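If you read the protein sequences in the order shown, they are chains A and B.
Last residue of the first sequence: 385 (this note's numbering), numbering continuous.
Last residue of the second sequence: 1076 (this note's numbering), numbering continuous.
Calculated directly from the structure, the hints in this document are not laboratory data.
Nothing here was measured: the structure is a model prediction, and the numbers come from that model.
Incorrect hints may have been included.
[Said to hold, decoys possible] Each pair of labels, with its calculated beta carbon distance range:
#: 1; chain 1: B; residue 1: Ser-1035; chain 2: A; residue 2: Tyr-298; range: 22 to 30 Å
#: 2; chain 1: B; residue 1: Glu-1020; chain 2: A; residue 2: Asp-87; range: 54 to 62 Å
#: 3; chain 1: A; residue 1: Gly-327; chain 2: B; residue 2: Arg-1008; range: 55 to 63 Å
#: 4; chain 1: B; residue 1: Pro-1057; chain 2: A; residue 2: Gly-327; range: 48 to 56 Å
#: 5; chain 1: B; residue 1: Pro-1057; chain 2: A; residue 2: Arg-185; range: 48 to 56 Å
Each residue gets a CB set at the ideal place from its N, CA and C atoms; glycine is no exception.
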Amino acid sequence: MVSRPHGGRLVSRVVSGRRREVLLEEAGELPWLELSLDRAVDLEDLAHGVYSPLEGFMVREDYLNVLGEMRLSSDHPWTIPIVLDADPGELRGVGEGDDLALRYGGRVLGVMRVEEIYEWDKRLHAEKVYGTRDPRHPGVARVMGMKELLVGGRVDLLNPLPNHLEDYTLWPEETRVLFRELGWRRIVGFQTRNVPHMGHEYVQKAALTFMDGLFINPLVGWKKPGDFRDEVILAAYKALIEHYYPRDSVVLAALRMNMRYAGPREAVHHAIVRKNFGCTHFIVGRDHAGVGDYYGPYDAWRLFEEFPDLGIQPLFIREAFYCRKCGGMVNEKICPHGEEHRVRISGTRLREMIRRGEKPPSYMMRPEVAETILGFKNPFVGDHE
Amino acid sequence: MGSGRRGRYTTVSIPVTLYERIRELIRDTGFTSVSQYVTYVLREVVAAHEEARYEEPFTEEDRERILERLRRLGYL
Chain A
1 MVSRPHGGRL
11 VSRVVSGRRR
21 EVLLEEAGEL
31 PWLELSLDRA
41 VDLEDLAHGV
51 YSPLEGFMVR
61 EDYLNVLGEM
71 RLSSDHPWTI
81 PIVLDADPGE
91 LRGVGEGDDL
101 ALRYGGRVLG
111 VMRVEEIYEW
121 DKRLHAEKVY
131 GTRDPRHPGV
141 ARVMGMKELL
151 VGGRVDLLNP
161 LPNHLEDYTL
171 WPEETRVLFR
181 ELGWRRIVGF
191 QTRNVPHMGH
201 EYVQKAALTF
211 MDGLFINPLV
221 GWKKPGDFRD
231 EVILAAYKAL
241 IEHYYPRDSV
251 VLAALRMNMR
261 YAGPREAVHH
271 AIVRKNFGCT
281 HFIVGRDHAG
291 VGDYYGPYDA
301 WRLFEEFPDL
311 GIQPLFIREA
321 FYCRKCGGMV
331 NEKICPHGEE
341 HRVRISGTRL
351 REMIRRGEKP
361 PSYMMRPEVA
371 ETILGFKNPF
381 VGDHE
Chain B
1001 MGSGRRGRYT
1011 TVSIPVTLYE
1021 RIRELIRDTG
1031 FTSVSQYVTY
1041 VLREVVAAHE
1051 EARYEEPFTE
1061 EDRERILERL
1071 RRLGYL
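Bound conformation, chain A alone (with noise of 0.2 Å):
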């Protein structure tokens, strides 16, 4: 049965027809807040319910309680506060209970009715979240350079961010009738950031050995220099399932959302979002969400532990490697075999390979993924983009 929603409702603040108008026309004489590009989809995000139960940004008592229990006050999980910034100055003359005007790029996105302004502390949140406060951390870096007040409220969305990936994008509403349309009762998420080699393979057909169906969510959006393109992940991910997935036991569909590279609280955030996708379980690998050595390999692991009410259920699959002695993919819980037989697939060599215009030995990579990325003229971000 596909899963029930966070919280036990699917959050829609999406507005259309003759309300959006009125909104529309009401929002142009309302003071504004321009947002940032993380800001805009975090609102995106919550009005199509991937955050479900929360219907805007955070007010206080949720924010404190999530970073001190991992609980919303409505007593269910939740690990990453979902927040709003904002200067003094751009709330001047704003107050709780007015409706504020919510800008990307100068256009109107959406309107939010302020319940709360508040302070905060970075580097508290900065500790609870990420679990350090070094500011070489990308997630601490990217809190510490947030504004000064937190601002919290409803949001209703009034027109879609530009978006060069629609086609590939699905929400919850729509993947949870697909699911249905496709008689999945155990439905397995998995995400991603990357191509997909042999071990993302493994980890995959492993679950899905126990399972109805397969949903793999890359997230797209923001990436940093040397990363593939969204397009080219998407592209490689279809060729792996044209070449090597059973028909109608995976759906592919891009995410954009924040990646905030929070490790064990970030692997339970992946979950809580799959589930509101209608997702019954969820893969957790080796340093899920991590960053550098901040979290241990199976740090995320143990947090899951914290939460019997959780409502996806986790599966724990440890890091795939190559044995020469067993002839495949395997991991360290099946293969007797030393190190000296293992190799080890990293997504580094990888790309160095690429780059160079190789093609990948095949029990790192199918042929056809690295032919597929290999296609691409320029198949990663560059440094001025």
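With chain A's structure known, arrange chain B on it following the hints.
Structure of chain B alone, referenced to chain A:
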């Protein structure tokens, strides 16, 4: 403003015999108190009951609109 505060709590009564039984059960486990154990177990049970009571709120019109897009995009 508050810091990483503790949550709010209230009191629920359970028989002393059950309390003792739980206290014995959680000895040398990761649970540090009977309250912590009871909270954990209740959350699990409550979530399971909530799960069983859910129905999708889509109208037939919503469903048709979604199906049309899914067909157009090749998902169905």
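Okay, the hints, checked on the actual structure:
1. B:Ser-1035 / A:Tyr-298: 22 to 30 Å: Holds: the Cβ-Cβ distance is about 28 Å, inside 22 to 30 Å.
2. B:Glu-1020 / A:Asp-87: 54 to 62 Å: Once the Cβ atoms are compared, 57 Å apart, the range 54 to 62 Å for A:Asp-87 and B:Glu-1020 holds.
3. A:Gly-327 / B:Arg-1008: 55 to 63 Å: Holds, at about 58 Å.
4. B:Pro-1057 / A:Gly-327: 48 to 56 Å: 51 Å Cβ-Cβ, so the 48 to 56 Å window holds.
5. B:Pro-1057 / A:Arg-185: 48 to 56 Å: 20 Å Cβ-Cβ, so the 48 to 56 Å window is violated.
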